[in-house]
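**Q** Required output: the full structure, derived from the provided sequences and hints.
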Amino acid sequence: MAKVPYIFFLISFLLINPFQQLWAQTQEPSAGYAFQPLKISQDFEISGTLTNPVWQKAPSVFIRYEFQPNDESLAPVRTEVKVLYSEDFLYVGFIASDPQPGEIRAHISDRDNSFNDDWVGFIFDPFQNNQQGYELFVNPLGIQMDGIMTNSGEDMNFDILWYSAGGVSDSGYTTVMKIPFKSLNFPDEKVQDWSVQFIRNYPRNSRHVFTWTNSTQDNSCLLCQSGDLVNLRGLKNTATVELLPYAMSYQSSSINNPSEPSSGLNHDPIEARVGGSISYSPSSTMSLNAVINPDFSQVESDAAQIGVNETFALFYPEKRPFFMRGANLFSTEENLFYSRMINRPLAAGKFTQKTSNFTLAFLTAYDRNAPFIVPGLFGSSLVRSDINAYSNVARGKYNLGSESFIGGLLTTRNQDQAFNYVGSIDWDIKLADHYYFGGQVGYSTTKELNNLALFDEQRTLGNTSFDAAFNGEQYDGTLVTAEVSREAQYYNFEFVYTSFSPTFQTQSGFINNVDRRQFGWSQSVSYYPDTKWLSQGSFNVSGDWIYDFSGQFMERYIFLRLSNTLAGQTNLSISFLPLNDERFRGEFFTGMHRIMVDLSSQALDALTIGGHYQTGRYVYRTANPVMGHGYNFSISATLEPTSRFELSLDYNYATLSSLDDSETFYSGDIIRLNSQFNFSRKLFARFIAQYDSFSDQLQLYPLVYYKLNPFTKFYIGMTDNLNRYDSPIYNGFKEVQRQFFVKFQYLIRS
1 MAKVPYIFFL ISFLLINPFQ QLWAQTQEPS AGYAFQPLKI SQDFEISGTL
51 TNPVWQKAPS VFIRYEFQPN DESLAPVRTE VKVLYSEDFL YVGFIASDPQ
101 PGEIRAHISD RDNSFNDDWV GFIFDPFQNN QQGYELFVNP LGIQMDGIMT
151 NSGEDMNFDI LWYSAGGVSD SGYTTVMKIP FKSLNFPDEK VQDWSVQFIR
201 NYPRNSRHVF TWTNSTQDNS CLLCQSGDLV NLRGLKNTAT VELLPYAMSY
251 QSSSINNPSE PSSGLNHDPI EARVGGSISY SPSSTMSLNA VINPDFSQVE
301 SDAAQIGVNE TFALFYPEKR PFFMRGANLF STEENLFYSR MINRPLAAGK
351 FTQKTSNFTL AFLTAYDRNA PFIVPGLFGS SLVRSDINAY SNVARGKYNL
401 GSESFIGGLL TTRNQDQAFN YVGSIDWDIK LADHYYFGGQ VGYSTTKELN
451 NLALFDEQRT LGNTSFDAAF NGEQYDGTLV TAEVSREAQY YNFEFVYTSF
501 SPTFQTQSGF INNVDRRQFG WSQSVSYYPD TKWLSQGSFN VSGDWIYDFS
551 GQFMERYIFL RLSNTLAGQT NLSISFLPLN DERFRGEFFT GMHRIMVDLS
601 SQALDALTIG GHYQTGRYVY RTANPVMGHG YNFSISATLE PTSRFELSLD
651 YNYATLSSLD DSETFYSGDI IRLNSQFNFS RKLFARFIAQ YDSFSDQLQL
701 YPLVYYKLNP FTKFYIGMTD NLNRYDSPIY NGFKEVQRQF FVKFQYLIRS
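Residue numbers (my numbering): 1 to 750.
None of these hints come from the bench; they were simulated from the model. Source: prediction; values computed, not measured. Careful, some of the hints might be misleading.
To be verified - Result set (DSSO-like, lysine-lysine): computed pairs, CA atoms no more than 30 Å apart in a straight line:
hint	residue 1	residue 2
1	K182	K743
2	K707	K236
3	K39	K57
4	K190	K178
5	K319	K39
6	K178	K713
7	K447	K734
8	K682	K707
9	K190	K236
10	K39	K178
11	K734	K319
12	K707	K182
13	K319	K57
14	K182	K39
15	K178	K532
16	K682	K319
17	K734	K182
18	K682	K182
19	K743	K713
20	K734	K532
21	K319	K707
What the hints assert, rightly or not - Quick list of the computed label-pair ranges, beta carbon to beta carbon:
hint	residue 1	residue 2	range
22	Y730	V626	32 to 38 Å
23	D696	D530	49 to 55 Å
24	L572	N335	29 to 35 Å
25	M324	T355	19 to 25 Å
26	Y491	D88	44 to 50 Å
Every residue gets a Cβ at the ideal spot worked out from N, C-alpha and C, and that includes glycine.
**A** Structure (structure tokens):
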């Protein structure tokens with residue numbers, strides 16, 4: 001690991017010295033939009049209207065400008081914003097006028113599920129460094145949506161505790177937000193200025209987005225084009241303690257003999273489980289969190305993926321609350337930390353600190369069933385185990401002016417006499433307007449388990465003398481990525497180099513493809529006619545050339561895509577692979593042309609549809625690979641016949657046959673139905689049914705839940721797995737596994 005500090009200082013020297021003056025020059029001043037909110041001495045309960053007399057004293061600003069699709073137009077509807085604050089809360093009220101209130105889209109739904117509705121909200125950055133901003137939005141009925149915006153994207157898994165209300169009238173709608181300062185990270189200063197951007201989403205024939213400041217799409221950083229809340233005084237910055245205990249009870253049953261459908265279920269006794277977390281924030285910039293026996297129950301279910309011709313491990317998103325909270329703090333360009341590699345922890349802890357110049361985050365966990373991903377050139381292996389592992393993740397970022405940073409990540413995992421340590425340095429530098437230089441370098445050292453009974457695959461790791469089997473070998477590996485890009489409104493490009501050595505492994509992350517050097521590039525041209533039938537579009541050309549570490553050519557392709565946003569919030573893209581050649585397990589395949597069509601539309605308030613179709617030639621990835629032709633398609637539809645009921649259907653189908661049609665290599669589908677009835681903003685009933693023809697399994701997930709806020713919840717539901725049997729004894733579906741569960745958790749904050 002001595003090489004990691006050396007790489008850190010080398011990169012720091014190369015990056016910081018040449019561009020020190022340039023960073024100072026490219027930090028963008030405020031666009032000139034600033035106002036001082038009114039401070040109040042007495043807090044009050046909010047409603048969906050701004051009838052409290054104190055609102056009449058609050059200063060107003062107006063969301064006047066269109067940002068999408070035409071950033072040269074004024075907003076066609078009036079939106080007034082008022083802001084108040086006390087020492088404990090920030091209050092924001094919106095008056096959204098609409099000449100046709102009957103067209104307002106508003107549904108009663110679970111939080112974070114109203115982005116297709118009308119909505120208003122704001123993005124704000126208390127540290128004013130353009131690195132990260134809170135996103136808080138509400139639909140006309142006060143349904144909350146929150147997330148974190150960074151230069152690399154948005155994290156909508158982020159949740160904080162805040163309050164909202166809304167209501168529709170014959171002139172539009174009004175909404176009110178009340179945000180506790182205890183829920184936010186902000187500087188420990190007596191007088192503060194915050195960057196802020198007020199936004200209104202207006203979905204009609206096209207989706208229009210309006211902003212407070214006169215922002216342009218030619219600047220890829222929306223945070224950088226914010227205005228300011230100025231002269232915030234006396235914000236309470238005291239210690240906060242949060243307790244989140246939970247209790248659950250469950251009863252499981254499983255079939256006595258999976259090969260005999262008539263063998264009946266074996267019913268386990270009713271069991272109970274308790275645990276919880278404690279969070280302590282000594283100030284608004286620091287927090288410590290610990291969890292004991294965390295509950296990761298079956299409340300959320302993974303959507304099945306078609307992996308019949310996939311040789312690499314599949315990625316599934318994180319859905320467990322403890323790991324979702326603050327997940328963006330640990331992210332890097334390459335996925336060196338993947339929290340689902342901590343499978344069933346007994347206990348875990350987390351520390352975070354954020355200031356205007358730097359961010360620190362540390363996570364530690366003791367896992368009772370550690371999984372492994374053993375990566376390779378042609379595929380990876382997912383190994384599940386009952387081995388205990390101790391994992392640590394440390395992340396730091398230092399801001400180098402507006403939109404630029406340098407960071408480091410260190411992960412460790414120890415089990416028995418084996419270990420995996422990974423260190424990396426990453427950066428993203430704004431060279432000039434529109435131009436960026438980013439990348440990451442990393443080093444890993446791995447000592448394998450000596451347990452061939454757990455994993456005994458003899459494939460070699462590239463051109464080294466090591467193999468994939470768990471036979472106690474020790475080896476090191478490296479990663480290098482670098483990217484130069486232009487991000488602007490009309491013309492964009494990027495050139496990327498990526499390198500993973502054959503022996504690079506991250507047991508705490510998700511890297512499933514190594515032994516490759518990849519040269520990639522892309523260029524795109526965008527246009528904005530803003531007509532009735534076409535609002536915007538783009539044409540993109542990209543490609544990759546890939547070699548293994550011995551220098552052998554492995555794959556090349558060129559990818560063309562034409563995308564257009566049409567009337568009725570309809571997006572259509574057509575893609576083509578004019579060049580696609582690949583070497584796979586000793587065979588070289590050429591001429592694998594494919595055509596792809598993607599369509600999505602929300603022309604109607606009550607119906608959202610989407611589809612994907614791909615056809616052409618593919619490699620059938622077996623031990624003796626051959627070329628085949630086939631297609632896959634997916635269809636999704638969401639129907640909302642009332643403001644309280646939602647029905648979603650997803651269908652995926654894939655097939656591949658030999659070129660002469662003499663043999664079908666595989667053919668199957670996955671169907672997922674999700675229905676939800678929302679009795680109120682807090683009480684919901686949900687039913688999910690999923691059928692996978694590749695495994696011939698039907699899964700059922702009924703659930704009723706009450707959600708007072710993102711953290712105080714009550715669940716009652718079940719999971720039910722049925723396998724399909726086709727034999728003389730039994731033909732049809734038979735229950736093989738079932739669990740009933742009840743769970744309650746409650747947030748206590750002081």
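**Q** All hints, please: hold or fail.
**A** For each hint, the structure was consulted:
1. K182 x K743: Holds. K182 to K743 sits at ~27 Å (cutoff 30 Å).
2. K707 x K236: Holds, because 28 Å separates the two Cα atoms, which is no more than 30 Å.
3. K39 x K57: Measuring from Cα to Cα gives roughly 10 Å; hence the hint holds.
4. K190 x K178: With Cα atoms ~21 Å apart, K190 and K178 stay inside 30 Å; holds.
5. K319 x K39: violated, 39 Å
6. K178 x K713: holds, 21 Å
7. K447 x K734: violated, 44 Å
8. K682 x K707: holds, 5 Å
9. K190 x K236: holds, 9 Å
10. K39 x K178: With a Cα-Cα distance of about 14 Å, the restraint between K39 and K178 holds, given a limit of 30 Å.
11. K734 x K319: holds, 29 Å
12. K707 x K182: holds, 20 Å
13. K319 x K57: violated, 43 Å
14. K182 x K39: holds, 17 Å
15. K178 x K532: violated, 38 Å
16. K682 x K319: Status holds; Cα separation ~20 Å.
17. K734 x K182: violated, 51 Å
18. K682 x K182: Within the cut-off at roughly 23 Å; holds.
19. K743 x K713: holds, 8 Å
20. K734 x K532: Roughly 53 Å between the alpha carbons, so the hint for K734 and K532 is violated.
21. K319 x K707: holds, 16 Å
22. Y730 x V626: 32 to 38 Å: At 36 Å between Cβs, range holds.
23. D696 x D530: 49 to 55 Å: holds, 50 Å
24. L572 x N335: 29 to 35 Å: Given about 31 Å between the Cβ atoms, the range holds.
25. M324 x T355: 19 to 25 Å: Given about 23 Å between the Cβ atoms, the range holds.
26. Y491 x D88: 44 to 50 Å: holds, 48 Å
The earlier numbered hints that this structure contradicts are 5, 7, 13, 15, 17, 20.
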